[in-house]
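Letter by letter, the chains look like this.
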Amino acid sequence: MGGKDKIVLEEVEIDQRKRRQALQNIAKAVEGKRYVYSPSGWEIFRGQLKYISPFCLGGQLLGLLFMVALFEYFWWKGESMLTFLGAASVASSSMGIFLMLELNRSNSIGLMELEQTCYLNFKQIWCVKMILFGCVDILTLTVLSAVVARSVSCGIFRAAVYLLAPFVVSNMVQLLVFSLLRGRGKEYLQAGAAIACGMASLVPLCNPSWYAAASFGIWVLVLVAATICLIGEMSLIYHKMEEGEILCWN
Amino acid sequence: MLELKLDRVSKRYKRKIVVDRLEFTFQKGVYGILGENGAGKTTLLRMVAGVLKPTSGEIYCNQQEIGKMGGEYRMKLGYLPQELGYYPGFTVWRYLEYLAELKAVPPQLAADRIGRLLQAVGLAKAGKEKIKTFSGGMVRRLGIAQSLLNDPEILILDEPTSGLDPRERIRFRNMVSVLGRDRMVLLSSHIVADIEHVADQILLMEAGRVLKSGNLQEVLKLVEGKVWECMAQPGQAQNLRRDFMVSGLRNVEDGRVCLRIVSEARPMEGAIPVLPILEDVYLYGTGGER
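Going line by line, the protein sequences match chains A and B. Residue numbering for the first sequence follows my numbering, starting at 1 and increasing by one per position. Residue numbering for the second sequence follows my numbering, starting at 251 and increasing by one per position.
Chain A extracted, bound-state conformation (with noise of 0.2 Å):
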């Protein structure tokens, strides 16, 4: 046959069992192969959604309705300018404790180790848990700078480091504290933690001249040194998670 020639399909002549063999080995392999079901990053944020606690959820969002009716009632008093600081102050170096509360809820009964092996792994479950958190953390902070920034008349970013810098140093102490002890019981060392970073950031306010623009350097180094030891922190922690001992129990 020359290379120019046509084949017309209907004159082929098909073998019967050639033909059953060819489908049978088609159906085999279709039957073998495994059914991989890949989720999408929305299927996997609003399936996490699910499984977060409602308590670290509901009360970050609680608390940032908590304080913009507090700032309401303070406006309503008319109360002076540190009083604002000193509830923002405390709001933002609180808050982080729900976010470490619910990253620590699958350490402390010993389910990391399982959730290690699974396709979406417990790095990835922490990162969707981060983005969540963070973002109302993000929106708490610039609730509360605005509000800062309106009653102390400093400028929104003065505003916001003086907030930043609390918030910062609280979630080192308390990655400092996930990181250092194991088991279960840890929540409430964490929260004490929280807690105690709370208060610690109300003592700039028994010298108001702390927040004078001629002081505002030191809250600048002030973060950005806490920025440094919390991202230090971090590395040491996804180190540890990498080599895997921090997963398991025994």
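It is worth saying that the hints were derived from the structure and are not from the lab. Just so you know, not all the hints are guaranteed correct.
[Claimed, not checked] Computed list of lysine-lysine pairs in BS3-like fashion (alpha-carbon distance at most 25 Å, straight line):
1. Lys264(B) / Lys303(B)
2. Lys123(A) / Lys186(A)
3. Lys318(B) / Lys255(B)
4. Lys255(B) / Lys278(B)
5. Lys18(A) / Lys6(A)
6. Lys462(B) / Lys255(B)
7. Lys462(B) / Lys266(B)
8. Lys240(A) / Lys186(A)
9. Lys318(B) / Lys123(A)
10. Lys378(B) / Lys50(A)
11. Lys123(A) / Lys240(A)
12. Lys186(A) / Lys380(B)
13. Lys186(A) / Lys382(B)
14. Lys318(B) / Lys303(B)
15. Lys255(B) / Lys266(B)
16. Lys266(B) / Lys240(A)
17. Lys303(B) / Lys240(A)
18. Lys28(A) / Lys18(A)
19. Lys240(A) / Lys264(B)
20. Lys303(B) / Lys255(B)
21. Lys50(A) / Lys382(B)
22. Lys303(B) / Lys123(A)
23. Lys303(B) / Lys278(B)
24. Lys278(B) / Lys471(B)
25. Lys278(B) / Lys318(B)
26. Lys50(A) / Lys123(A)
27. Lys278(B) / Lys462(B)
28. Lys50(A) / Lys380(B)
29. Lys240(A) / Lys318(B)
30. Lys476(B) / Lys462(B)
31. Lys28(A) / Lys278(B)
32. Lys266(B) / Lys303(B)
On the provided structure of chain A, position chain B as indicated by the hints.
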């Protein structure tokens, strides 16, 4: 063909070497890992499950390093840890739904699969109960169910039968035998009888190394001609216990003691050689009674 290859895998905790340059290739079938406490069984299984990172060496699944495979490897995996973690407030059904999501079980298949697995482990009626109300055996059965949620190609079970009553153990053994037909099952246990019943291949581990591996007959050859049975007076039996590895001891009606001894040489006059069982190998491999 599924293949899992350990290439000179070691794990060290500070100065202690727990798994020492292990080389082994697993394929389809049931592998029973035997060894005393601290032999490195759990550490080995954790490394294969991707929980622990080897200090040195690599683990390959079908020629690909498992760390680089990431989610693709974990998708093939079912794992039952020695201690099963669970949220105490979760019901059985919610717990399995949660893990089904993590294991990327298609949502349209999850409910049906959870139902079937609960049936298979005898917890069908307990779906709405909270896990914190469960006995140890029930938690273990739940653990077995969760390990099968994603229909894994590689099933890793660390001490799966601890806490199970004899009926549950038999049910579990039968289940593992069926599962081992078309997948790889790695099973560690202290209960020698479980390994003897279900394992196609046995790995005897000691101090982080595989002392002996093979099917039951091959492993039994390790102590062939070294297992003896003899009768002794109680005082003499005490001396024999001190000097030899005694794998069995039973009082008989005439006041004497029947001993089963694992020893290179005949332990006493009148001792007769008997056929070995896996417990004899275990005792021989792990250095006898402690």
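Right, here's what the structure says about each hint:
Pair hint Lys264(B) plus Lys303(B) holds up; C-alpha atoms about 14 Å apart against a cutoff of 25 Å. With a CA separation close to 20 Å, the supplied pair Lys123(A) and Lys186(A) stays within the 25 Å bound. Of the pairs offered as hints, the one joining Lys318(B) and Lys255(B) holds, with about 14 Å between alpha carbons and a cut-off of 25 Å not exceeded. Proximity of Lys255(B) to Lys278(B) is assessed by CA-CA distance (about 12 Å); at most 25 Å being required, the pair is judged to hold.
Straight-line distance between C-alpha atoms of Lys18(A) and Lys6(A) comes to about 24 Å, which keeps the hinted pair within the 25 Å bound. At most 25 Å may separate the alpha-carbon atoms for a hinted pair to count; Lys462(B) and Lys255(B) meet this at roughly 17 Å. Among the hinted pairs, Lys462(B) with Lys266(B) is consistent with the structure: their alpha-carbon atoms are about 22 Å apart, no more than 25 Å. The straight-line distance between the Cα atoms of Lys240(A) and Lys186(A) is roughly 18 Å, inside the 25 Å bound, and the hint therefore holds.
For the hint linking Lys318(B) to Lys123(A), the alpha-carbon distance of about 16 Å falls within 25 Å, and the restraint holds. Between the alpha carbons of Lys378(B) and Lys50(A) the distance comes to roughly 17 Å, so the proposed pair stays at or under 25 Å and holds. A hinted pair counts as satisfied when its Cα atoms are at most 25 Å apart, and Lys123(A) with Lys240(A) qualifies at roughly 12 Å. This hinted pair checks out: Lys186(A) and Lys380(B) have alpha carbons roughly 23 Å apart, not beyond 25 Å.
The suggested pairing of Lys186(A) with Lys382(B) holds, with an alpha-carbon distance near 20 Å, which does not exceed 25 Å. In summary, the hint linking Lys318(B) to Lys303(B) is supported, as the alpha carbons are separated by about 12 Å, within the 25 Å threshold. Between Lys255(B) and Lys266(B) the CA atoms are separated by roughly 24 Å; this keeps the pair inside 25 Å, and the hint holds. This hinted pair checks out: Lys266(B) and Lys240(A) have alpha carbons roughly 18 Å apart, not beyond 25 Å.
Between the alpha carbons of Lys303(B) and Lys240(A) the distance comes to roughly 10 Å, so the proposed pair stays at or under 25 Å and holds. For the suggested pair Lys28(A) and Lys18(A), the alpha carbons sit about 15 Å apart, so the restraint of at most 25 Å is met. With a CA separation close to 13 Å, the supplied pair Lys240(A) and Lys264(B) stays within the 25 Å bound. Of the pairs offered as hints, the one joining Lys303(B) and Lys255(B) holds, with about 15 Å between alpha carbons and a cut-off of 25 Å not exceeded.
Under the criterion of a C-alpha separation no larger than 25 Å, the hint pairing Lys50(A) with Lys382(B) is consistent with the structure, at around 20 Å. Between Lys303(B) and Lys123(A), the direct Cα distance comes to roughly 15 Å. Compliance with the 25 Å bound is thereby established for this hinted pair. Restraint check: the Cα-Cα separation between Lys303(B) and Lys278(B) comes to about 24 Å, which is no more than 25 Å; the hinted pair holds. As the CA atoms of Lys278(B) and Lys471(B) are separated by approximately 24 Å, the hinted pair is consistent with the 25 Å bound.
Straight-line distance between C-alpha atoms of Lys278(B) and Lys318(B) comes to about 22 Å, which keeps the hinted pair within the 25 Å bound. For a cut-off of 25 Å, the pair hint linking Lys50(A) to Lys123(A) stands: about 18 Å separates their Cα positions. A distance of roughly 19 Å separates the Cα atoms of Lys278(B) and Lys462(B); the hinted pair therefore holds under the 25 Å criterion. Between Lys50(A) and Lys380(B) the alpha-carbon distance is near 17 Å, which keeps this suggested pair within the 25 Å criterion.
This hinted pair checks out: Lys240(A) and Lys318(B) have alpha carbons roughly 18 Å apart, not beyond 25 Å. Our distance criterion of 25 Å between C-alpha atoms is met by Lys476(B) and Lys462(B), whose separation comes to about 16 Å. In summary, the hint linking Lys28(A) to Lys278(B) is supported, as the alpha carbons are separated by about 19 Å, within the 25 Å threshold. For the given pair, Lys266(B) sits about 15 Å from Lys303(B) by alpha-carbon distance, which is consistent with the 25 Å threshold.
In terms of the numbered hints stated before, the structure departs from none.
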